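Numbering (this note's numbering), first residue to last: 1 to 157.
Keep in mind that the hints are not guaranteed to be accurate.
Computed spacing ranges between beta-carbons, pair by pair [what the hints assert, rightly or not]:
# : residue 1 : residue 2 : range
1 : A116      : G35       : 26 to 32 Å
2 : S12       : P60       : 22 to 28 Å
3 : F84       : E4        : 26 to 32 Å
4 : A48       : L69       : 28 to 34 Å
Dumping the calculated SDA-like pairs for lysine to any residue here, alpha-carbon to alpha-carbon at most 20 Å [what the hints assert, rightly or not]:
# : residue 1 : residue 2
5 : K59       : P81
6 : K11       : L43
7 : K46       : E4
8 : K91       : G71
9 : K91       : L117
Since the hints were made in silico from the structure, they are not lab data.
Remember, predicted model here, so these are calculated numbers, not experimental data.
The C-beta atom is built at its ideal place from N, Cα and C for all residues, glycine as well.
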Amino acid sequence: MVTELTPQRLKSQGIRALMVDLDDTLVASNSERMGLAFRRWVLGLKEAGIAVMLLSNGKPKRVARWAQLLGVEGLSLVGKPFRFAFERGLKRLGTLPSETAMVGDQLFTDVLGANALGIKTILVTPLSTKGLPHTRLARKLENIILKTTPVSAEGGN
Numbered sequence: 001m002v003t004e005l006t007p008q009r010l011k012s013q014g015i016r017a018l019m020v021d022l023d024d025t026l027v028a029s030n031s032e033r034m035g036l037a038f039r040r041w042v043l044g045l046k047e048a049g050i051a052v053m054l055l056s057n058g059k060p061k062r063v064a065r066w067a068q069l070l071g072v073e074g075l076s077l078v079g080k081p082f083r084f085a086f087e088r089g090l091k092r093l094g095t096l097p098s099e100t101a102m103v104g105d106q107l108f109t110d111v112l113g114a115n116a117l118g119i120k121t122i123l124v125t126p127l128s129t130k131g132l133p134h135t136r137l138a139r140k141l142e143n144i145i146l147k148t149t150p151v152s153a154e155g156g157n
């Protein structure tokens, strides 16, 4: 769960900023409610001087709502896993790939795209098993890959 990523742990790895997926990473894709632990986690990161940004393929209205509630910038319909999505996030954060991490629940969008730029990645367990048909299919493929490939708790590089 993302809340296990403490500011101290991130800083010890040289992380100054996080790009965080929204749906099924911070809030279940079929929900309009976010757990208090997730809100406190974002607040704690910000208080520790770690920049946080929502980087989502989600709809603009949904991403903007959560970004405002969390007091962070939010980019929607970004086009993950393509490089330009992560480059856009890095530009807005003003950080280098080596000092930025991407946190998300999908191997094919969040992890692979960020790794292509040298951004550290942290793969978390999805908050829900529901979602669009293509997401459910991608999760089945991810499960096959993750069962055959050892992944550290830190994920990516």
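For the pair we were handed, K91 and L117, check the Cα-Cα distance against 20 Å. With a Cα-Cα distance of about 13 Å, the restraint between K91 and L117 holds, given a limit of 20 Å.
Restraint status (C-alpha distance of K91 to G71 at most 20 Å): holds (19 Å)
In this structure, is the beta-carbon distance linking A116 and G35 contained in 26 to 32 Å? holds (31 Å)
Measure nothing beyond the straight line between the CA atoms of K59 and P81; if it is 20 Å or shorter, mark the hint as holding. Since the Cα atoms of K59 and P81 sit roughly 16 Å apart, the hinted pair holds (cutoff 20 Å).
Are K46 and E4 close enough, with their CA atoms no more than 20 Å apart? holds (15 Å)
At the C-beta level, are S12 and P60 separated by a distance inside 22 to 28 Å? Taking Cβ atoms as reference, S12 and P60 lie about 35 Å apart, which means the hint is violated.
Is 28 to 34 Å right for how far apart the beta carbons of A48 and L69 are? Violated - the Cβ-Cβ distance for A48 and L69, about 20 Å, lies outside 28 to 34 Å.
Quick check: does the Cβ-Cβ distance between F84 and E4 fall within 26 to 32 Å? Between F84 and E4, where Cβ atoms are some 30 Å apart, the hint holds.
Take a quick look at whether K11 and L43 sit within 20 Å of each other, Cα to Cα. holds (16 Å)
The earlier numbered hints that this structure contradicts are 2, 4.
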